[in-house]
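Novice: Reassemble the complex: the two chains are provided individually, in unrelated frames, and hints are given to aid placement.
Sequence lines, in order, name chains A and B.
For the first sequence, the residue numbers in this note's numbering are 2 to 375.
For the second sequence, the residue numbers in this note's numbering are 12 to 292.
These aren't lab readings, by the way, just hints derived from the structure by calculation.
These figures come from a predicted structure and were not determined experimentally.
Ideal Cβ placement from N, Cα and C applies to all residues, glycine included.
Hints may be right or wrong, so weigh each one.
[Unchecked claim] The list that follows gives simulated cross-link-like pairs (lysine-lysine, DSBU-like), each with its CA atoms no further than 35 Å apart:
no.: 1; chain 1: B; residue 1: 184; chain 2: A; residue 2: 6
no.: 2; chain 1: B; residue 1: 184; chain 2: A; residue 2: 364
no.: 3; chain 1: A; residue 1: 349; chain 2: B; residue 2: 146
no.: 4; chain 1: A; residue 1: 357; chain 2: B; residue 2: 170
no.: 5; chain 1: A; residue 1: 134; chain 2: A; residue 2: 371
no.: 6; chain 1: B; residue 1: 184; chain 2: A; residue 2: 134
no.: 7; chain 1: A; residue 1: 4; chain 2: B; residue 2: 146
[What the hints assert, rightly or not] Over 10 Å on every C-beta distance to chain A, these chain B residues come out as not near it, computed from the model:
no.: 8; residue: 24
no.: 9; residue: 78
no.: 10; residue: 92
no.: 11; residue: 97
no.: 12; residue: 179
no.: 13; residue: 253
no.: 14; residue: 265
no.: 15; residue: 271
no.: 16; residue: 284
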Amino acid sequence: MDKEKRNHLIRLFVAIALVYGMVAVLEATLRPTSIVFTVLRKGAIYSLVAVSMNLLNGFTGLFSLGQAGFMLLGAYTYAILTMPTAVKESDRVYRYYDCIVHFDTGVIVGLIAAGLVAALFAFLIGLPVLRLKSDYLAIATLGFAEIIRAIFQWDVLGPLTNGANLLREFKDLSRITLPFSDIPFPPTLFVFIVVGICILLIVLLINSTYGRAFKAIRDDEIAAEAMGISLFRHKELSFVISSFFAGVSGALLAMFQYTVQAQQFRTVLTYELLLIVVIGGIGSISGSCIASFLYIALSEWWLRGLDMGRFLGIDAPDLFRSGFRRLVFSVIIMVIVLFFSRGIMGDKELSFERFKDGMKGMKARLARTKEVKG
Amino acid sequence: MSTLLELEHVTMQFGGVVAVNDLSLHVDDDEIIALIGPNGAGKTTAFNCITGVYEPTNGRISFEGRPIIVNHPSGRMRKMYGGSEADLFADDRVIDPTPDQITKLGIARTFQNIRLFRSMNVFDNVLTAMHIRAKANVFSSVFRLSWREERQMRRETEKLLREQGLWEHRDEKATSLPYGFQRRLEIARALATQPRLLLLDEPAAGMNPQETLELSAFIREIKERYGLTVLMIEHHMDLVMGISDRVYVLDFGSLIADGTPDEIQADQRVIDAYLGVSEDV
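This is chain B alone, in the form it adopts within the complex (with noise of 0.2 Å):
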């Protein structure tokens, strides 16, 4: 079992606030992994990080054994700098791509608020995450000349609709699916960019506690179908508890624990800062 996924030292600072302080963690292929931590712990702002939407302001993250993004505090910022290990990546060459770079890479995330495309239908909406694979250029798509790529591409987008269980909806407006569905299309948006790495944001927010047991059974079935690693934040704890692998519990932005689910709901700090209070009110 081989490291898909590596932070190592990863700060981000906005101005003076440190919102995610010196995180190492590391997804091994085929594990799920969660990240979890009471409000304003630094989780999304991690997912932001590693998917290109923020530039870290200190750290390396590594996919496939190589470093995708690399940066360290340089100018105003290195005065300003309230997180540590400053110079441990000062000579490395900065590398700073853009989300869609990210994705191209093999790393699929959704987001905590759904955003799925306004104005399309559910067909349209994966037909749309297939362009990444496109190859024609703008003049033998509009003079139709790839007619067989984007037959492809419509086959691929029935494929991946029939097995979500999306199928019968292909023609609604995206935002006028009841919410689970949504959740449901924008993970299945995901997975048309074939991800080897998908970052879920809060897959279950907003579910009731039966909707939250179908979605376990469907993170596993995806996960086993497409050959997935999954990274993600959740608030549910039956959630993480029954899938994960291992969990990472951060809270201020600093990383407090990480273990199997069984140590951390053990661990006396996880308690602390977060178990005990959120769950048992």
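Excised from the complex, chain A in its bound form (with noise of 0.2 Å):
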């Protein structure tokens, strides 16, 4: 069993070190812009942040829509922390206002306070709210979403958070370097490395005992309760745990738009996590992942002809026109929900077995519809 267990972990490692190395390469290949490295960033901060959302949702079993709120913390935190002294007591960014903060750190330490931030937010929320069962959490953790959101465009607020206006300048993407140099570091690699070792981190709980714990509480609280598992402790960990990184992820949502402004956090962002999650599967990392990459090549890039006026080589500016990429990306997302109601993967992990398993029913269907021809 040990053996099967080391097979499994050997082909794991193999097949991420194969995605990191493309990645890699096609950084060393491509043009820069071109809208590949948008889908895989962008796909990748998703993933992290539909993760995030995942271990509250799917494995502790709380239903919480706070997540676009947890975002705009960490995004505002990093790019505060990390825009360079000269520019903040310039007028370039902030116009209106004097910054109060008068001292910019790095880009680890920036990305690490955000999550910091998000978590401590989270905790507080977490001693009245968490007390509240499913939809009412749903409903809490939303409204706290948008008064945050509020609270930062607050005039008061301005010399920390430049009011309405957009924070730019920060140590976005295209700023980044190795440590201690000034060489360019590549940002869609950046991006893959933060998200990869969070994700991981977030494995590595859901398989301790704390997230034995995490999903004894979402298959039956009563028994859990009577197991000797604090409902009320654990349900925190996990909300400031998921907070945590979820302002990793609002940071890195920031680098990648190098720029900053709450507008960008509305509740739409929730629900298009919230859709990623269930469309991946609830209680899957690996669905949760496949389908952020899905979801943003999907909306960003596959579908972009029906706006444009052509699409698979078909014209029709007509047809074709701003708004129905929309119609159509709805209506595949509701064949996906009404023919995958547990999601793409359901609650299990994707797997060499699996696959093989896969491909031999496939094998066995076949024959037999051959047998039943024959």
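Specialist: This is the structure we're talking about:
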């Protein structure tokens, strides 16, 4: 059994190394403005936040809709911390306010701080909110995200958040260098490395004794409590950890977009993520990742033509114009939800064994149809 | 022989309904005690009070000589209180623990309608219950600094499953097991928390006579092997009369009799309330 497990780990490691190798190769060969990078970066960032949402919704059974709020906290924290002091003191960004933060930090410190700020807020909000059940928890967290967005645009906080104006010129993806040097670092690879580390940590958590306690709470709260698992402590833990990674992904999204504005973190963002989690399969890490990349590729790339007048070689400028993409996209999502009601992966993970079994099943079915025909 | 669990004047009132009224009982070390009574007599409510699921309206519950749950009617409940002895604990400090704190003290339970962790296999069901003794914090757990503890937990789980005859089924999904095995697994999971007192809520529900017979041997066996004291709710009179040291009888929330199985069988009030009608139909 141990040998099997080791083989599984080796295969997994090889597969992941291949993905990273491919990203590095693509980055060395393709034009940096290629749409592929947009999809890869945004897909990776969405993967992280979808996985963090899955930790909460899929593995702990807490239906929370506060993701956009925690991403906003992370994005702002990162932007404010990593913006060079010279920029803060000039009036290029803080035009109407005097910035009260007089220092700047590096990228890694900024990312970690983004997570910590989101986690701190999650801790405080969790104290009252996590006593609520299912729907009420969703409503409370949704409300929190909306309130945070409004507060960040408040005039009084202007010296910190620049009010409703943009934050920019912080250390975004075009300004990443190797530590202690000026050598630029490939941005897509950077996103993949950060996201990879974060998802690895979440996977390690889920497979630890705490992860089992989370799953126990999801399966049956009363039984979990009777087994000595403190509901409140573990829910709070899951909420804080999930929010930490939402904060980190918010910071990554800020790096990806080059600008930060509270308007970008609307409830729609949370719904997009919820959609990704559901399509990928509630309780499946690999499902969330696959669904993120699919979702981003569809909406940013493959269906673009539907808005541009030309799709799959068909020219129809009257039909294929702005907004038609959204219509087609909705239909695709409905089809997915209808035919894969438990998501692409259900609550299983992607593995070589499953792939092999699937192929075997397919072969057997083919053989049977041949027999019937013969 | 000392008293392990003691209930004093425990009353549980839901709105205007008094589900358990002035229940006093004690369970001594190394005993098997049965709590019986017709449907709706308040047996499971009493269990839920002991395990912290409900906060009793009035009364005191002590474990190993220390009070673990204390409450008295106050506020609005003081006015509508329908039980007795309302002022007995009025000066005591209210203690209202959550179920997990009760479990940590050494009281484990099973449920009337089996509550296993649905998504997990047999092994993980028991392993999850080992979490109660995990000392690692979440960081050392994520970074696998506590791998020794994890290995220890897995060893203990293996030992427990082998002892319970569930080892062959370890990779099966818990809910796909045959009914009898699910009951066994639920007991094994409760044992994983290393309790001193085991509360069994209708362990023989849905079992045929043969299985019930095996169950009574099984309860005796785990009691001896793990040094347990057992308090159980049961409807099967064969089982109750066969293995109990003492029996408490509840009817409409109140205690109507207690004593050895022989005394209970001869008690006219019990026969009127329960045995005469339910056994010989």
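Novice: Against each hint, give a clear statement of whether it holds in the structure.
Specialist: Hint by hint, here is what the structure shows:
no.	hint	in the structure
1	B:184 with A:6	19 Å, holds
2	B:184 with A:364	27 Å, holds
3	A:349 with B:146	30 Å, holds
4	A:357 with B:170	34 Å, holds
5	A:134 with A:371	53 Å, violated
6	B:184 with A:134	27 Å, holds
7	A:4 with B:146	29 Å, holds
8	24	21 Å, holds
9	78	20 Å, holds
10	92	27 Å, holds
11	97	29 Å, holds
12	179	14 Å, holds
13	253	27 Å, holds
14	265	27 Å, holds
15	271	30 Å, holds
16	284	30 Å, holds
When held up to the earlier numbered hints, the structure conflicts with hint 5 and nothing else.
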